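Starting from the structure of chain A, add chain B where the hints point.
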Amino acid sequence: MKLEGQVRIPSGCAIAAVISRDKNRMSGETVIKAMVPMHDRSNGLGGGFAGYGIYPEYRDFYALHLFFDERATRKSCEAFLKERFEIVKSEIIPTWKLPSITGEPIIWRYFVDPLKSVLASRQLDEAEFVARTVMEINTGMKGAYVFSSGKDMGTFKAVGFPEDVGAFYRLEEYEGYCWTAHGRYPTNTPGWWGGAHPFSLLDWSVVHNGEISSYDANRRFIEMFGYQCSLQTDTEVITYIMDYLLRVQGLTLEEAAAVVSAPFWSTIENMADPEERRRHAYLRTLFPSLLITGPFSIVLGFSGGLMALNDRLKLRSMVIGEKGDRVFIGSEEAAIRAMEPEAENIWAPAGGEPVIIKVREAQENEH
Amino acid sequence: MITLNAEGLDHKALNEALRRAEGPCRLTGCLGQRFIGAGMSHKEILIDGIPGNALGAYLNGARITVNGNAQDAVGDTMNAGRIVVRGSIGDAAGYAMRGGEIFIKGNAGYRAGIHMKAYRDKVPLMVIGGTAGSFLGEYQAGGVIVVLGLDAGQKGLMGFFPCTGMHGGKLFLRSRCEDIRFPGQVTVRPAKSADLEELHRYVSEYCQLFSRDVGRVMDAPFTVVTPDTKNPYKQMYVAN
Numbered sequence: 001m002k003l004e005g006q007v008r009i010p011s012g013c014a015i016a017a018v019i020s021r022d023k024n025r026m027s028g029e030t031v032i033k034a035m036v037p038m039h040d041r042s043n044g045l046g047g048g049f050a051g052y053g054i055y056p057e058y059r060d061f062y063a064l065h066l067f068f069d070e071r072a073t074r075k076s077c078e079a080f081l082k083e084r085f086e087i088v089k090s091e092i093i094p095t096w097k098l099p100s101i102t103g104e105p106i107i108w109r110y111f112v113d114p115l116k117s118v119l120a121s122r123q124l125d126e127a128e129f130v131a132r133t134v135m136e137i138n139t140g141m142k143g144a145y146v147f148s149s150g151k152d153m154g155t156f157k158a159v160g161f162p163e164d165v166g167a168f169y170r171l172e173e174y175e176g177y178c179w180t181a182h183g184r185y186p187t188n189t190p191g192w193w194g195g196a197h198p199f200s201l202l203d204w205s206v207v208h209n210g211e212i213s214s215y216d217a218n219r220r221f222i223e224m225f226g227y228q229c230s231l232q233t234d235t236e237v238i239t240y241i242m243d244y245l246l247r248v249q250g251l252t253l254e255e256a257a258a259v260v261s262a263p264f265w266s267t268i269e270n271m272a273d274p275e276e277r278r279r280h281a282y283l284r285t286l287f288p289s290l291l292i293t294g295p296f297s298i299v300l301g302f303s304g305g306l307m308a309l310n311d312r313l314k315l316r317s318m319v320i321g322e323k324g325d326r327v328f329i330g331s332e333e334a335a336i337r338a339m340e341p342e343a344e345n346i347w348a349p350a351g352g353e354p355v356i357i358k359v360r361e362a363q364e365n366e367h
Numbered sequence: 368m369i370t371l372n373a374e375g376l377d378h379k380a381l382n383e384a385l386r387r388a389e390g391p392c393r394l395t396g397c398l399g400q401r402f403i404g405a406g407m408s409h410k411e412i413l414i415d416g417i418p419g420n421a422l423g424a425y426l427n428g429a430r431i432t433v434n435g436n437a438q439d440a441v442g443d444t445m446n447a448g449r450i451v452v453r454g455s456i457g458d459a460a461g462y463a464m465r466g467g468e469i470f471i472k473g474n475a476g477y478r479a480g481i482h483m484k485a486y487r488d489k490v491p492l493m494v495i496g497g498t499a500g501s502f503l504g505e506y507q508a509g510g511v512i513v514v515l516g517l518d519a520g521q522k523g524l525m526g527f528f529p530c531t532g533m534h535g536g537k538l539f540l541r542s543r544c545e546d547i548r549f550p551g552q553v554t555v556r557p558a559k560s561a562d563l564e565e566l567h568r569y570v571s572e573y574c575q576l577f578s579r580d581v582g583r584v585m586d587a588p589f590t591v592v593t594p595d596t597k598n599p600y601k602q603m604y605v606a607n
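Respectively, the protein sequence lines represent chains A and B. This note's numbering puts the last residue of the first sequence at 367; the count rises by one with no breaks. This note's numbering puts the last residue of the second sequence at 607; the count rises by one with no breaks.
I should point out that these hints are in silico values taken from the structure, not numbers from a laboratory. Each hint should be verified, as a subset may be incorrect.
Pair by pair, the computed Cβ-Cβ distance ranges are [unchecked claim]:
no.: 1; chain 1: B; residue 1: Ser-560; chain 2: A; residue 2: Gln-249; range: 54 to 64 Å
no.: 2; chain 1: A; residue 1: Tyr-282; chain 2: B; residue 2: Gln-575; range: 26 to 36 Å
no.: 3; chain 1: A; residue 1: Glu-361; chain 2: B; residue 2: Arg-387; range: 52 to 62 Å
no.: 4; chain 1: B; residue 1: Asp-595; chain 2: A; residue 2: Glu-344; range: 11 to 21 Å
no.: 5; chain 1: A; residue 1: Ser-230; chain 2: B; residue 2: Asp-488; range: 36 to 46 Å
no.: 6; chain 1: A; residue 1: Ser-289; chain 2: B; residue 2: Gln-575; range: 33 to 43 Å
no.: 7; chain 1: A; residue 1: Glu-344; chain 2: B; residue 2: Asn-372; range: 46 to 56 Å
no.: 8; chain 1: B; residue 1: Asp-488; chain 2: A; residue 2: Glu-342; range: 38 to 48 Å
no.: 9; chain 1: B; residue 1: Asp-518; chain 2: A; residue 2: Gly-140; range: 35 to 45 Å
no.: 10; chain 1: A; residue 1: Tyr-282; chain 2: B; residue 2: Asn-434; range: 43 to 53 Å
no.: 11; chain 1: B; residue 1: Arg-543; chain 2: A; residue 2: Glu-275; range: 23 to 33 Å
no.: 12; chain 1: B; residue 1: Asp-595; chain 2: A; residue 2: Leu-231; range: 42 to 52 Å
no.: 13; chain 1: B; residue 1: Ala-587; chain 2: A; residue 2: Gln-363; range: 11 to 21 Å
no.: 14; chain 1: A; residue 1: Phe-264; chain 2: B; residue 2: Gln-575; range: 48 to 58 Å
Remember, it's a predicted structure, so these values are computed and weren't measured experimentally. The beta-carbon is built from N, C-alpha and C at its ideal position, and this holds for glycine as well.
Isolated chain A (complex conformation) (with noise of 0.2 Å):
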């Protein structure tokens, strides 16, 4: 066995993220470029891809991804699914052969629709019968995980480096205006595949560099609200208390970063703009089991857009930077240029400051 010392643990994990303020479509290629030069920031045991605007043809249902252990399992999941929803198409996830991916699960997606009858005698909106039913699936039926379960996007992980992952699900056949990346360096699990990132519930993905020491305060809290943390890992955690304190509480973007990232009380105390300090005070009372601390740097993908984001203290390293109407976000300014060598304006964001980008219909809808 070795000890503490006698292996080197050179690093952490590596993010990434691409978008198109225009909304124009790249393959999945232009995010795996990202993940070369940062090979040595993963080790092998997770690697995984967000895309949105990838399922076009499908973009009112909601698309469920799948691992499963055998063909039982599938076929009783899919009984279960067939009395929920209205299954418009099923399929098997294509993929590669690949001798660096091994020990796949069967991997399959949905494309589905809630029954209104369903919902009417259930008394719950669509998204909230969705995010439910994955809950339902994840921590009760044994053998079946949802991974993805949002609209016009998906997710795609494996145990595995990045680059092979991506090779692996043939990210280079689907085109999307928005891609996040993941590989892993898992601290605390084993690292299987439904543990690798980006994890996502409805239309929100996350991919986490770091350990977040606050774990088990934040999952006690999310808890109470529905949300069941079955895999022990603390980017779970994280796409819950987004999904919670925005879709649930209908925070901004904004108030849900100073929630999870929020300045020092010293720091509150010596902002100038009464406003603003009244806000950030309002928003650490409130919400005071959902400050995340330890080190974190996340991407947080969502229907036409992006949120970069770190933890107050910024022990994780975030770049910035962008070409015309792309955005390039990357742990390394390494992992920018190798999706786009000419990348400019590149930048670090400050801890606990959240660098959002929206597509620009997404920001016409909202004024």
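Just chain B now, with coordinates in the frame of chain A:
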């Protein structure tokens, strides 16, 4: 000068090629390879592209120039030599540096000069031409950090919480620092003539490297920050 193309080489192959090459080297097509020049003593390295993290870690006398930005942890535990960055630099520059010099034309990220230290004639120097992120000089134990704030515009000279845990060394800041909050264990005062004399050496070097006018850069108020005593944490943890 020997030109080495870094494209497609990992950090190990790249450093081996550098060690094999005799005389000054120019690296082209660099993209994220870590540990470039690590521990090297007698080398001159010019880098085109983006060097990876821990550039010049444990550097022991070699001279590295980057024609652009550098990433995190440049000069980690550097012992001697010089690193010149003709752009900006990521987080934790000069991490635990104990000798040599780092000159940054632009801005530094968070925790620049974290745990720099000095011993007798080993006095590390870091000059930041632009601004610094939060936690500048965190746990600084020795050495000199200069922040000039050139072309900073509306941006402040630095982020929050400078000098947290500082217990040695010296900071020169090109500002009156009226709006900056320092911790209790440091002394903040305007630079005296002896300080300015010392500072002039560092600033001249910076201006020569990046074609700036020394007179203009020096013509500004400077603040000096030092820890209160030789051992501000005396008896905080153990009786020493």
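Hint check:
For B/Ser-560 paired with A/Gln-249, a C-beta distance near 59 Å keeps the hint of 54 to 64 Å intact. Evaluation of the 26 to 36 Å hint for A/Tyr-282 and B/Gln-575 yields a failure: the beta carbon distance comes to about 52 Å. With their beta carbons about 55 Å apart, A/Glu-361 and B/Arg-387 fall inside the hinted range of 52 to 62 Å. Separated by about 44 Å at the C-beta atoms, B/Asp-595 and A/Glu-344 break the suggested range of 11 to 21 Å.
Remark: the range hint 36 to 46 Å for A/Ser-230 to B/Asp-488 is contradicted by a beta-carbon distance near 59 Å. Between A/Ser-289 and B/Gln-575 the beta carbon distance is about 55 Å. The supplied range of 33 to 43 Å is therefore violated. At about 25 Å, the CB distance of A/Glu-344 to B/Asn-372 disagrees with the hint of 46 to 56 Å. Roughly 45 Å separates the CB atoms of B/Asp-488 and A/Glu-342, a value that falls within the hinted 38 to 48 Å.
Hint check: B/Asp-518 to A/Gly-140, Cβ distance near 59 Å, so the stated range 35 to 45 Å is violated. Range check, A/Tyr-282 to B/Asn-434: Cβ separation about 48 Å, and the 43 to 53 Å hint holds. At about 28 Å, the CB distance of B/Arg-543 to A/Glu-275 agrees with the hint of 23 to 33 Å. Judged by the Cβ atoms, the range 42 to 52 Å given for B/Asp-595 and A/Leu-231 holds: they are separated by roughly 49 Å.
About 41 Å separates the C-beta atoms of B/Ala-587 and A/Gln-363, a value inconsistent with the hinted range of 11 to 21 Å. At roughly 40 Å, the beta-carbon separation of A/Phe-264 and B/Gln-575 lies outside the given 48 to 58 Å, and the hint is violated.
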